[in-house]
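Student: Here is what each chain is made of, one letter per residue.
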Amino acid sequence: MLANLPYIVVVVLFLIGLATIVLKRNLIKIFLGIVILESAVNLFIVSLGYREGGIAPIYTNAPGTLMVLPTPQALTLTSIVIGVATSALLLSFAIVIWKKYGSIEIGFLRRLKE
Amino acid sequence: MRMSKIVRTGASILYPFIVIFGLYVIMHGHLTPGGGFQGGAVIATGAALLLVAFSAGEISGMVRKSTLMGQETLGLLLFIGAGILGLIMGAPFFANVLANSGLLFGQAVLPGPNPGELNTAGVLPIMNIAVGVEVWGGLAIVVMYLLSTIEREGA
Amino acid sequence: MKRVLVAAIFLVWAAMLCTIPLFLSFGDPAATDMDTYFIGRGQADAAANNIVTSVVFDFRGFDTLGESVVLFTAVTGVALMVREKRKGEEHEDE
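Residue numbers (numbering that gives the first Met the number 0), protein chains in the order written: chain A, 0 to 113; chain B, 0 to 154; chain C, 0 to 93.
There's no promise every hint is true.
Claimed, not checked - A short list of chain A residues far from chain C (calculated; beta carbon distances all over 10 Å): (1) Ile35; (2) Ser38; (3) Pro62; (4) Phe107.
Unchecked claim - Here are a few chain C residues that face chain A, going by a calculated C-beta distance under 7 Å: (5) Ile38; (6) Leu70; (7) Ala73; (8) Gly76.
Don't read these hints as lab results, they were simulated from the structure.
Note that this is a predicted model, so its numbers are computed, not measured.
Every residue gets a Cβ at the ideal spot worked out from N, C-alpha and C, and that includes glycine.
Throw the hints in and build the complete structure from the sequences for me.
Tutor: Shown next, in the form of structure tokens:
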């Protein structure tokens, strides 16, 4: 069980992110929960590709030829950059909402709608 | 909203080294850990350091936002152009036509672990440079827009 | 009532997620054919020492193209939303 420590960390991070999204009322904190969820998924994909005793898949002065899987690392690279872009977009949404309503509490926003 | 003189001097001393390290990471992306995304993010971190140390209004006086936007667009166009290069030379879109061809970056690599040669990998270094330029401009302009908005609105 | 519902949903999620460390084994990937091909042929096909870079830009180049376009679109959206209003330009809804 303890050999699966990366997967346990994935589960803990995922639950923290989910709890932040569901329970918090502040928009910035909800966005932080989304970022934590993204990092849980990234860690899950990278640790899926680990091979016991493998080295990084780079041949420059490599000490051996048993390498970890390169495709999950490449997909995680893509996922990280898209995560940064969507976080920037979410934060600018928060700025626009704050300028329009003067608050970023979601309960306050719901009252204004009625 | 500018920091003290120590922070400003330290930031302006550190900034060239951060840029050179980022350019190294971009240029050696096909040999060592790194690549266009990572190197561009490193340089954008240097830009964020300058923006925090000085104020965003002061930096906006030196670098126009349209310059950074143009840099980002240039990076994307260069990336698509590196893909179209395959069509020009009679291969599929995004084909690595320069690899093992003897032209620019066209040297063949030795099989197995080797010391690494910069003049290899075909269109991959060109795409690394294109993506690095794009990520540099994009992340720097995002940080600049958000910080200047916060300064202007006085949040 | 609502708190009980939230707690129940969380328990279901936690139970589902706990199957990951129980049934997967770290360090022993299930299917490695594609990655073995990439590791073996990356130096000959893409002529690059860094296999991750050759996967990102050569074998899966279309992913990277779409990802660059997503980054460009997101930055354009940020620039549209938080830009300064020009003189004489008003909010249309105020």
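Student: Looking at Ile35 of chain A again, its CB stays over 10 Å from all of chain C?
Tutor: Check passes; 14 Å lies beyond 10 Å.
Student: Less than 7 Å between beta-carbons is the criterion; does Gly76 of chain C satisfy it with respect to chain A?
Tutor: holds (5 Å)
Student: Can we confirm that no CB of chain C comes within 10 Å of the CB of Ser38 of chain A?
Tutor: holds (15 Å)
Student: Check the non-interface label on Pro62 of chain A: least C-beta distance to chain C beyond 10 Å or not.
Tutor: holds (14 Å)
Student: Compute the least Cβ-Cβ separation between Phe107 of chain A and chain C, then decide whether it is above 10 Å.
Tutor: holds (18 Å)
Student: For the hint on Ile38 of chain C, just tell me whether its beta-carbon gets within less than 7 Å of chain A.
Tutor: With a minimum Cβ separation of about 5 Å from chain A (threshold 7 Å), the hint on Ile38 of chain C holds.
Student: Tell me if the interface restraint on Leu70 of chain C is satisfied: Cβ within less than 7 Å of some Cβ in chain A.
Tutor: holds (5 Å)
Student: Given Ala73 of chain C was flagged as interface, is its beta-carbon under 7 Å from a beta-carbon of chain A?
Tutor: Holds, because the Cβ-Cβ distance from Ala73 of chain C to chain A comes to roughly 4 Å (cut-off 7 Å).
Hint violations for this structure: none, all hints satisfied.
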